[in-house]
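Please model the complete structure; the sequences and the hints are all you need to start from.
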Amino acid sequence: MTRKERREYFKERNRKSGGYLLRKKIWNFIFRFCRAVLIFGLCFLILQPLLNKISLCFMTKDDLFDRTVISIPRHFSTQAIRLGWKLMYHFKPFWYSIWIGVLVGVIQVISSTLVGYGFARFKFPLKNFWFACVILMIIVPPQTLLTPMYLMFSDFDIFGIIRSVHGGKGINLLGSFWAYLAVCAGCAGYKSGLYIYMMRQHFRNEPKELEEAAWVDGCGKFRTFWNILLPGARPMMVSCFLFAFVWWWTDGIYSKIFFARGMGWYTVANCLPGVVERLNHEYKQIFNIVSSSGGNFVPPAYGNQILSAATMITLVPLIIIYLLAQKSFVESISQSGIKG
Amino acid sequence: MAKAKRKSMAKGNAKAGYMFITPFIIGFLLFLVVPLVQSLRMSFCEVSATNGQGLKYKWVFLDKYKEVFFKDPDYVPRLLDNLKNMALFVPGILVFSFFMAILLNQEFAGRAFVRAVFFLPVILSSGIMVGLESNNSLMGSMQNAIKEDTSLTSITKTLENILLTGERASKFFEYVINLVDKVYDIANSSGIQIIIFLSGLQTISPSMYEASKIEGCTAWENFWKITLPMISSLILVNVIYTVVDFCTKSDSQIMTLINDKLFKNVDYGLCAAMSWVYFGVIMVILGILAFIISRWVYYYD
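Residue numbers (the numbering used here), protein chains in the order written: chain H, 28 to 367; chain D, -14 to 286.
Do not take every clue at face value.
Using C-beta positions, here's what the derived DEER-type ranges look like [claimed, not checked]: (1) H:K150 x D:T203: 42 to 50 Å; (2) H:K113 x D:Y194: 41 to 49 Å; (3) H:I346 x D:V18: 34 to 42 Å.
Only some residues are given here: those of chain D computed to face chain H with a beta carbon under 7 Å [as the list claims (entries may be wrong)]: (4) F9; (5) F104; (6) T233.
The hints are simulated quantities; they were obtained by calculation from the structure and are not laboratory data. All figures in this text were calculated on a predicted structure; none of them were measured in a lab. Ideal Cβ placement from N, Cα and C applies to all residues, glycine included.
Here's what the structure looks like:
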């Protein structure tokens, strides 16, 4: 059908329907147009700060104070990024953060998978009570536990066992991996409750026949779990791990108590908030300003630029992970949402 | 014989179940119950550090709580402010995420991209990233300067002024305008809720809509009679998630106040009392919300 014929055909149909078809088509177009504008606007709203930061990263100081430069730098330079990188102490915090993210994430996922499976597939006394405890764990704000946790790990002890071996004293676990590992192995880390919930939801959706068949064939409980259910749970475990990695990367609560001041260990999240203060400090040294009483010497716009650069440096790994594994993130959430 | 066998199987099941959840039980007791009890104890005590040798507790019973409520100049106003913000945000986030989920449930080009963009804040604005710029005193002052600079010439501001003055002014307008002001925050914190609603919408079987269409329902009626009841259980989940998320955000005013007290004044007892009051308030609110909504939730099966 040529274009002209099609138009004729449409006119014919429209006349027969008493103008309904045309009206509908117009309404449809208006609706779609409005929707497109709305969605574009909202997407822009979310992306704008990010784009803004990226463009700030590549500006020189002159561009910053030039009113005609808004988003595209006139003099392209990587000077801000280099300074941000220096103020973030180069590789060291990244190295620590990656270690913590990977190690802790893996342990957290393993323990959550076990517990999630236990909750999904076994009947045992007080099950509802324990599950309520999982929910409680999700609800309790970690900040409530800050102080006791700090005290506890500075003098760590499990029900008096360690104390008796170690000569009446607990061990100081602060400033090392061990505090993280202990918390995560006990499913009490940052958002562990959520991972347990997600894993439970996943196992509940698996067909029960799988296990029954394994049982009939003489497979033990743990082997059933290991050989039959675990392979199927791999995608969910991967997404839990990714969440764990990302959230540990930006976590400022646990890293603040476990790696408190002057312990020689710091994560990216420890370093980032102090960037501007450090810049200020450097400024003072460079310009020989002798003043112990605070005061800001860095021009705000410049401080903002360096902070943006440092933030971008921190976010780049996360953005890469998200771009690669976007589907895994979104689908795990949508899977666990079903069946409330 | 058969009965005994079944019983032993149930027993074995129970044993295996407990084995699987032992990590949780240990962790729960060690890292949640113990610290919680300790912080409860602290909240009834005057805690003072003895030079590097641990802490000294002096029982003062309710003094710390009295201090929280009657002496501290910041706590109660900030708590009320926080609750007010919550009352503003939580419905806003829910309505927004529901609306977005409905939009994203429709077919259009670039849907996957839009979905990815809306989920992005879950990854990027988590933990310390939230409020990084506003927490920084330097940045804070600059942002204020920018706000003052732009508010004079903006069209929306003028429109807002027109709407808010005169006879048309009402609480509702104020509420909506407040929400629109905060739309960035709302969009930023509704990533997970959108996905949950979206997955819920996708599980509603199309045959229901088909049937209702044949019976002559309009889209409006469809929404109220099919979509909303079918998704009501997820509304409950999302309400709880949103409230928890809102309350535990690290840049909430209460949290910053507690942190300040902890690191500047080093008053453990007061901090513990403050967190307990806050925690108690959250629990009460969650309880009330869960009770009200769960009575209204409709389960299809």
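Checklist line | List of violated hint numbers, smallest to largest | finding: Hint 2 is the one this structure does not satisfy, whereas the remaining hints hold.
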